[in-house]
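With this note's numbering as the guide, the letters of the sequence shown map in order to residues 390 to 513.
Be aware that one or more of the hints could be misleading.
In the SDA-like style, the derived pairs of lysine to any residue whose C-alpha atoms are separated by at most 25 Å in a straight line are [what the hints assert, rightly or not]:
#	residue 1	residue 2
1	K450	T493
2	K450	D471
3	K439	S392
4	K507	M437
5	K444	I393
6	K492	R441
7	K472	C505
8	K508	M463
9	K492	P422
10	K450	S432
11	K472	R501
12	K444	K508
13	K439	I393
14	K444	E476
15	K430	R501
16	K444	V459
17	K492	T473
18	K507	S461
19	K472	K508
20	K472	E425
21	K507	V456
Simulated restraints, written as ranges between beta carbons of each label pair [said to hold, decoys possible]:
#	residue 1	residue 2	range
22	D490	R469	33 to 43 Å
23	I393	K472	29 to 39 Å
24	T424	D490	16 to 26 Å
25	I393	Q453	51 to 61 Å
26	T480	M437	20 to 30 Å
27	K508	V456	13 to 23 Å
28	C505	D471	13 to 23 Å
29	A496	S474	22 to 32 Å
30	P470	S392	49 to 59 Å
31	A423	D504	35 to 45 Å
32	K508	P422	28 to 38 Å
33	D504	D471	33 to 43 Å
Hint data in this document are derived by calculation from the structure and do not stem from the laboratory. All figures in this text were calculated on a predicted structure; none of them were measured in a lab. For each residue, glycine too, the CB sits at the ideal point set by N, CA and C.
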Amino acid sequence: MKSIKALLLALIVLVSAQLTQAQDKTKSKTKGPATEQLQIKTSAVCDMCKARLEKSLAYEKGVQAAVLDVPSQMLTVTYRPDKTSAEALRTAVQQTGYDADTKTADARAYDRLPDCCKKTNSVH
390 MKSIKALLLA LIVLVSAQLT QAQDKTKSKT KGPATEQLQI KTSAVCDMCK ARLEKSLAYE
450 KGVQAAVLDV PSQMLTVTYR PDKTSAEALR TAVQQTGYDA DTKTADARAY DRLPDCCKKT
510 NSVH
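Please model the complete structure; the sequences and the hints are all you need to start from.
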C-alpha cells in the first residue's frame, strides 16, 4: 500500500512539474520582443500616397505597422529596434519617393510617383 501511495505522489509531482513548465513556455511566447515607435514627417498628399507608403514600409525588416495620417503628413512606424533603425526607415521612405523629415525624396523614385502624389501638384 505504501508503494502505491509513493507512486501516486511521484506521479502527481511529475504532472504538476510538467504543467508548470508548459505555463512558463506560454508566458515567454506572449511577451514578445520590444518595439519602438517613430514618427516621420513626409511629403505625402493623398490616399494613394498613404497606400504606397504603408505597403512599402510593410516590406521593411522589423516593421510591425506603418500608418500615415494624410492631413498631418505624419507616418507612424512601429518597429523592432533589434531588426532595423530609425535611419533605415527614413531611407525607405525616401526610396519610395517621399521626403522623410528634413531629408528629400530620392529623385528617381519621386519621378516615378503618379502626378497626384507629387508635392508640386496644384490640386493639393
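Each hint tested on the structure:
1. K450 to T493: holds (22 Å)
2. K450 to D471: Holds, because 10 Å separates the two Cα atoms, which is no more than 25 Å.
3. K439 to S392: It is violated: about 71 Å lies between the C-alpha atoms, which goes past 25 Å.
4. K507 to M437: Roughly 11 Å between the alpha carbons, so the hint for K507 and M437 holds.
5. K444 to I393: violated (64 Å)
6. K492 to R441: Holds. K492 to R441 sits at ~18 Å (cutoff 25 Å).
7. K472 to C505: It is violated: about 33 Å lies between the C-alpha atoms, which goes past 25 Å.
8. K508 to M463: holds (15 Å)
9. K492 to P422: violated (30 Å)
10. K450 to S432: holds (23 Å)
11. K472 to R501: Violated. K472 to R501 sits at ~29 Å, over the 25 Å cutoff.
12. K444 to K508: Holds. K444 to K508 sits at ~20 Å (cutoff 25 Å).
13. K439 to I393: Between K439 and I393 the Cα gap is close to 69 Å, so the pair fails against 25 Å, i.e. violated.
14. K444 to E476: holds (18 Å)
15. K430 to R501: This hinted pair holds, its Cα atoms lying about 20 Å apart.
16. K444 to V459: Cα-Cα ~15 Å, so holds.
17. K492 to T473: The hint holds at about 18 Å.
18. K507 to S461: Holds, because 16 Å separates the two Cα atoms, which is no more than 25 Å.
19. K472 to K508: At roughly 31 Å apart (the allowed maximum being 25 Å), K508 and K472 break the hint.
20. K472 to E425: holds (11 Å)
21. K507 to V456: Measuring from Cα to Cα gives roughly 19 Å; hence the hint holds.
22. D490 to R469: 33 to 43 Å: With Cβ atoms ~21 Å apart, the hint is violated.
23. I393 to K472: 29 to 39 Å: Since the Cβ atoms of I393 and K472 sit about 55 Å apart, the hinted range of 29 to 39 Å is violated.
24. T424 to D490: 16 to 26 Å: holds (20 Å)
25. I393 to Q453: 51 to 61 Å: holds (54 Å)
26. T480 to M437: 20 to 30 Å: holds (21 Å)
27. K508 to V456: 13 to 23 Å: holds (20 Å)
28. C505 to D471: 13 to 23 Å: Given a distance of about 37 Å, which is not inside 13 to 23 Å, the answer is violated.
29. A496 to S474: 22 to 32 Å: holds (23 Å)
30. P470 to S392: 49 to 59 Å: Distance hint for P470, S392 holds at roughly 57 Å.
31. A423 to D504: 35 to 45 Å: Hint holds: Cβ distance 41 Å, inside 35 to 45 Å.
32. K508 to P422: 28 to 38 Å: Given range 28 to 38 Å: holds, Cβ gap about 36 Å.
33. D504 to D471: 33 to 43 Å: Since the Cβ atoms of D504 and D471 sit about 39 Å apart, the hinted range of 33 to 43 Å holds.
Hint compliance for this structure: hints 3, 5, 7, 9, 11, 13, 19, 22, 23 and 28 are not met, and every other hint is.
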